[in-house]
Amino acid sequence: LLKARNNKSKIKKNNNILISLGGGDYDEYILNCIDLLISFKNHFDFILIFLKGSFKNSTVKKLSKFKFVKIKKDKNSIVTELQKSKISILSGGYHKIESNYLDCNSIFIATQKHQNVLLHKFHKKTQCDYIKFRNSNFKKLLLKYLTKRFFKKSLINKLSFNNKYLLNNFFD
Numbered sequence: 612l613l614k615a616r617n618n619k620s621k622i623k624k625n626n627n628i629l630i631s632l633g634g635g636d637y638d639e640y641i642l643n644c645i646d647l648l649i650s651f652k653n654h655f656d657f658i659l660i661f662l663k664g665s666f667k668n669s670t671v672k673k674l675s676k677f678k679f680v681k682i683k684k685d686k687n688s689i690v691t692e693l694q695k696s697k698i699s700i701l702s703g704g705y706h707k708i709e710s711n712y713l714d715c716n717s718i719f720i721a722t723q724k725h726q727n728v729l730l731h732k733f734h735k736k737t738q739c740d741y742i743k744f745r746n747s748n749f750k751k752l753l754l755k756y757l758t759k760r761f762f763k764k765s766l767i768n769k770l771s772f773n774n775k776y777l778l779n780n781f782f783d
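With this note's numbering applied, the sequence shown covers 612 to 783.
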C-alpha cells in the first residue's frame, strides 16, 4: 500500500469501473450495480469485478452475456486496479481504508449490518459516499453517487437510463 501510494504519480487512470465487495455472497448487489451501470455504458470501457468468493451459476450466466464485464480473482493486483480505475464500488470493510489512503474515487456499500456504523463514522471524517446495508433505495443512491462523481449536470439530461423512474425521481 505504501509503495502504491508513493508511485501514485506514475499511475495512469483508465476508463474502467472496479467492483469489489469482499468474500461473501454479494451476487444481488453486483447484479444491481451492473444493471444500473449498463445505462452508463458509453462512459466506461470495462467493469472489473474482483472476487474473493464465488458467484452462483445463475449469476455467472447473467454476467457472461456482457462483454464489458471482466471477473478477476487475483487479489494481489487489486491495489493497482483500484488506483487506475475511474471509479470503484467497494465494500465497507478494509477497502474503504485502502481507497481513502490511495485517494481513489470510490463509493462504498455496507455489505454487512455492522458496516453501517463504520461507514457513518468514516463518512464524518472523509465525506465519502456510502450506501447502508440492505437500503431500499440502493439503485437511486448509486445513481446519485455515480452521477455526482462522473458527470457534469449538463450531461445528466443527455443520458438515457433504463429505469426512467430513477431519473425522474433523482433530484427529489
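Please note: incorrect hints may appear among the correct ones.
The calculated SDA-like cross-link candidates involving lysine to any residue, where the alpha carbons are at most 25 angstroms apart (straight line), are [what the hints assert, rightly or not]: (1) Lys684 / Lys695; (2) Lys695 / Thr758; (3) Lys697 / Thr722; (4) Lys652 / Lys755; (5) Lys667 / Lys695; (6) Lys736 / Asn687; (7) Lys663 / Asn653; (8) Lys624 / Gly635; (9) Lys743 / Leu642; (10) Lys667 / Asn746; (11) Lys755 / Ile645.
Derived Cβ-Cβ restraints for the label pairs, each shown as a range [stated by the list, open to error]: (12) Phe744 / Lys663: 16 to 26 angstroms; (13) Lys724 / Val671: 19 to 29 angstroms; (14) Lys624 / Asn687: 16 to 26 angstroms; (15) Asn668 / Thr737: 30 to 40 angstroms; (16) Lys732 / Phe679: 11 to 21 angstroms.
Source of the hints: derived by calculation from the structure; they are not laboratory data. Please read all numbers here as calculations on a predicted model, not as lab measurements. Glycine residues also receive a C-beta, built at the ideal position from the N, C-alpha and C atoms.
TODO: State the violated hints by number, sorted upward, taking the hints as numbered earlier in the document.
DONE: As far as the earlier hints go, 5, 6, 7, 8 and 16 are violated by this structure, in ascending order.
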